[in-house]
Amino acid sequence: MKFCLISLMPLSDSDGTILTDQVNRITQWATIMNGTHYNGLAFDAGFYGLPYEFFSVFDLVMVAVRQELIEVGLKIKKLSSARVLAFLDGEMDHFTSMPGEKQVKFIELLNKADAIGVTHEYDIQIIKGLTTKPVGLLGVPFPLSRVRKDLCPPVEKKRVIHVGCGTGKSFNRNGLVNIAALAEIGLPGVVDVWIPEDIEYVRQVKKFLPIPPIDFSYTPRWEDYIQRLNSSFLGLHLDYRQIWGRFALDCAAVRMPCIAPDSFYTQKRLFPRLCVDFQDIEGAVGLAKELLRNKSFYQEVMDFAESQMNFFDNEAAKQRLLSLLP
Amino acid sequence: MKFCLISAGVSDRHSIHNWAAVLNGKSFDGVLFDLGEYGLDYDYFDHFDLVMVALRKELIESGIKVKQKSKAKVVVFLDGEIDHFTTHTPRYLQAKMVNLLNIVDAVAVLHDQSIPLFKSLTNRPVGVVGLPFPFESAGKLCPPVRKDKQIEIGSRIGASLLQNRNALVNLSVLAQIGMPGVIDLSDPVEMEYIQSIREYLPGLQIKFRDNKSGWDDYIARANYSLLGLQLDYSFDWGRFPLECAALRMPCVAPPSLYTQKFLFPGLCVAHHDIAGAVALVNKLVSNFWFYMETVAYARSQMEFFSPDQCKMRLFNLIS
Numbered sequence: 001m002k003f004c005l006i007s008l009m010p011l012s013d014s015d016g017t018i019l020t021d022q023v024n025r026i027t028q029w030a031t032i033m034n035g036t037h038y039n040g041l042a043f044d045a046g047f048y049g050l051p052y053e054f055f056s057v058f059d060l061v062m063v064a065v066r067q068e069l070i071e072v073g074l075k076i077k078k079l080s081s082a083r084v085l086a087f088l089d090g091e092m093d094h095f096t097s098m099p100g101e102k103q104v105k106f107i108e109l110l111n112k113a114d115a116i117g118v119t120h121e122y123d124i125q126i127i128k129g130l131t132t133k134p135v136g137l138l139g140v141p142f143p144l145s146r147v148r149k150d151l152c153p154p155v156e157k158k159r160v161i162h163v164g165c166g167t168g169k170s171f172n173r174n175g176l177v178n179i180a181a182l183a184e185i186g187l188p189g190v191v192d193v194w195i196p197e198d199i200e201y202v203r204q205v206k207k208f209l210p211i212p213p214i215d216f217s218y219t220p221r222w223e224d225y226i227q228r229l230n231s232s233f234l235g236l237h238l239d240y241r242q243i244w245g246r247f248a249l250d251c252a253a254v255r256m257p258c259i260a261p262d263s264f265y266t267q268k269r270l271f272p273r274l275c276v277d278f279q280d281i282e283g284a285v286g287l288a289k290e291l292l293r294n295k296s297f298y299q300e301v302m303d304f305a306e307s308q309m310n311f312f313d314n315e316a317a318k319q320r321l322l323s324l325l326p
Numbered sequence: 001m002k003f004c005l006i007s008a009g010v011s012d013r014h015s016i017h018n019w020a021a022v023l024n025g026k027s028f029d030g031v032l033f034d035l036g037e038y039g040l041d042y043d044y045f046d047h048f049d050l051v052m053v054a055l056r057k058e059l060i061e062s063g064i065k066v067k068q069k070s071k072a073k074v075v076v077f078l079d080g081e082i083d084h085f086t087t088h089t090p091r092y093l094q095a096k097m098v099n100l101l102n103i104v105d106a107v108a109v110l111h112d113q114s115i116p117l118f119k120s121l122t123n124r125p126v127g128v129v130g131l132p133f134p135f136e137s138a139g140k141l142c143p144p145v146r147k148d149k150q151i152e153i154g155s156r157i158g159a160s161l162l163q164n165r166n167a168l169v170n171l172s173v174l175a176q177i178g179m180p181g182v183i184d185l186s187d188p189v190e191m192e193y194i195q196s197i198r199e200y201l202p203g204l205q206i207k208f209r210d211n212k213s214g215w216d217d218y219i220a221r222a223n224y225s226l227l228g229l230q231l232d233y234s235f236d237w238g239r240f241p242l243e244c245a246a247l248r249m250p251c252v253a254p255p256s257l258y259t260q261k262f263l264f265p266g267l268c269v270a271h272h273d274i275a276g277a278v279a280l281v282n283k284l285v286s287n288f289w290f291y292m293e294t295v296a297y298a299r300s301q302m303e304f305f306s307p308d309q310c311k312m313r314l315f316n317l318i319s
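Read top to bottom, the protein sequences are chains A and D.
Residue 78 in this note's numbering sits at position 78 of the first sequence; the count goes up by one each step and never skips.
Residue 119 in this note's numbering sits at position 119 of the second sequence; the count goes up by one each step and never skips.
One or more hints might be untrue.
Computed footprint of chain D on chain A, listed as stretches where at least three residues anywhere in the stretch have a Cβ under 8 angstroms from a Cβ of chain D [as the list claims (entries may be wrong)]: (1) 6-13; (2) 205-216; (3) 246-258; (4) 270-282.
Hints listed in this document are in silico derivations from the structure and should not be mistaken for laboratory results.
The model shown is predicted, which means the values in this text are computed figures rather than measured ones.
Backbone N, C-alpha and C fix where the C-beta goes; we use that ideal spot for every residue, glycine too.
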């Protein structure tokens with residue numbers, strides 16, 4: 001099957017070539033399908049010098065839909081003969097709370113695409129009410145074999161908590177809640193940062209909260225990030241989005257538990273005993289302390305997560321995709 | 001007690017401004033005050049015993065100035081959904097908000113589930129106070145009437161992002177129920193949206209209500225609806241379920257709206273639970289006793305939202 005992924009991932013020299021990178025992000029779909037990738041906005045602006053009819057060379061085009069790519073998805077469907085799968089690549093409220101004009105186009109796309117892939121089982125009911133096309137849970141394939149064999153061997157964990165949402169300028173969804181939880185738990189944390197200014201934010205909040213020592217991690221390459229994650233003891237990601245949740249899966253892959261809400265599908269499936277409401281500081285603190293204190297609880301939680309990991313692997317994801325197509 | 005409210009945004013009868021009304025206090029727009037539009041300095045607030053800052057990101061710095069430059073007691077009232085403060089407020093202002101939370105005399109939140117979070121951010125008293133409901137006005141405007149078979153929708157599909165909180169989810173439910181939904185129209189283009197969507201969702205029936213006369217007109221006309229529906233993912237106070245209870249009609253909504261949790265515990269569904277919402281609406285329509293019991297329970301809880309009860313919670317929090 002000739003496969004193409006259209007997303008908002010930054011422009012790259014590899015656009016238009018067969019992708020081989022094994023990383024936990026949307027491009028993994030192109031990798032496991034031996035397909036190519038194009039940035040949708042760049043394509044629409046003519047950056048690649050290709051017309052929309054070009055997509056007729058593919059059997060399947062997956063459009064990783066965000067607000068910006070709704071019309072691109074419609075054009076691919078209208079101007080090419082490829083089958084189009086709309087993959088909702090974002091939290092559900094991104095789609096249900098768009099300006100009215102965009103919502104109209106979104107519903108048009110849902111009804112013109114050949115199938116709709118979502119990232120959480122909770123999304124299925126909502127989207128099924130808006131389209132007659134098949135709707136199913138897809139998620140993002142995870143390069144488990146690479147992580148386990150090449151990147152993250154078992155290591156002795158440091159007693160630190162890696163925080164799943166950064167405090168960055170662009171990636172600061174609910175960062176304050178996670179910092180507050182860290183302060184209550186009292187264990188050192190690791191926070192991902194992108195620019196020096198991100199560190200300043202934590203320093204400012206620290207004037208008023210007893211935030212434990214924070215190690216700021218700058219790892220733009222995913223491989224570096226996951227290797228860094230591997231040395232932590234526990235993951236924490238308090239966030240209100242209804243979405244796939246890459247972080248809980250990263251945690252399970254590096255053999256550590258994650259405390260997060262069940263609005264992340266990965267969390268719900270991998271760590272059902274560690275699900276808390278996104279603002280339930282007391283619940284998160286209680287679970288973190290139990291994991292620190294009780295080795296058998298930690299082990300039970302990890303044994304269960306391990307039993308679920310096959311669901312997220314490349315091959316299982318591919319089967320879900322193929323089953324969804326009419 | 002001399003009371004002053006500092007807020008941002010438009011005033012209507014069922015809003016934060018009702019605090020100034022029930023406490024016979026003054027009200028200022030905090031942004032305009034800071035710009036000097038009233039010609040007053042911050043030490044002017046010495047005149048008051050209590051200043052309530054209805055906090056949105058625009059008023060964080062004003063709140064700090066009121067506390068630092070006047071002798072008044074200050075209560076911060078978090079006047080928005082939690083994600084407004086934890087995500088949509090710029091980081092430098094979040095840091096200042098934590099500062100503000102730690103220098104004021106008390107912090108009022110809109111939902112009991114937000115209490116642990118704010119207790120971890122401040123050592124000042126934190127509690128639910130809520131918005132006093134204008135019972136008297138609602139009583140005069142909304143006598144018992146014969147209800148029409150239509151659903152009042154708590155969100156709408158507007159032209160701007162801010163008007164669209166989860167509107168699409170509510171439309172998905174409506175399309176499956178098949179009963180008309182009523183939506184306040186703020187812009188004629190909203191009718192075009194629905195027309196376009198109906199091409200794909202033929203079961204969707206919407207009655208638009210042109211409402212430019214404010215809350216009084218809205219509540220008087222909403223009185224004719226059979227029930228309310230608001231599937232929303234935000235943790236917020238929830239004015240809509242309270243209005244439904246005042247109109248003697250049940251409301252289907254998530255417990256993330258505090259009023260819903262309190263008034264209609266039997267009609268709470270997760271914001272994504274379309275099947276659950278459809279089933280509850282169908283049960284309310286088909287089972288008269290269930291409808292009446294639900295409304296009776298909500299009415300029995302409404303005293304909690306009276307001005308006197310709200311005042312008592314506020315005074316307890318600051319004492």
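Checked hints:
{"no.": "1", "hint": "6-13", "verdict": "violated (count 0)"}
{"no.": "2", "hint": "205-216", "verdict": "holds (count 4)"}
{"no.": "3", "hint": "246-258", "verdict": "violated (count 0)"}
{"no.": "4", "hint": "270-282", "verdict": "holds (count 5)"}
Consistency note: the structure conflicts with the earlier hints numbered 1 and 3.
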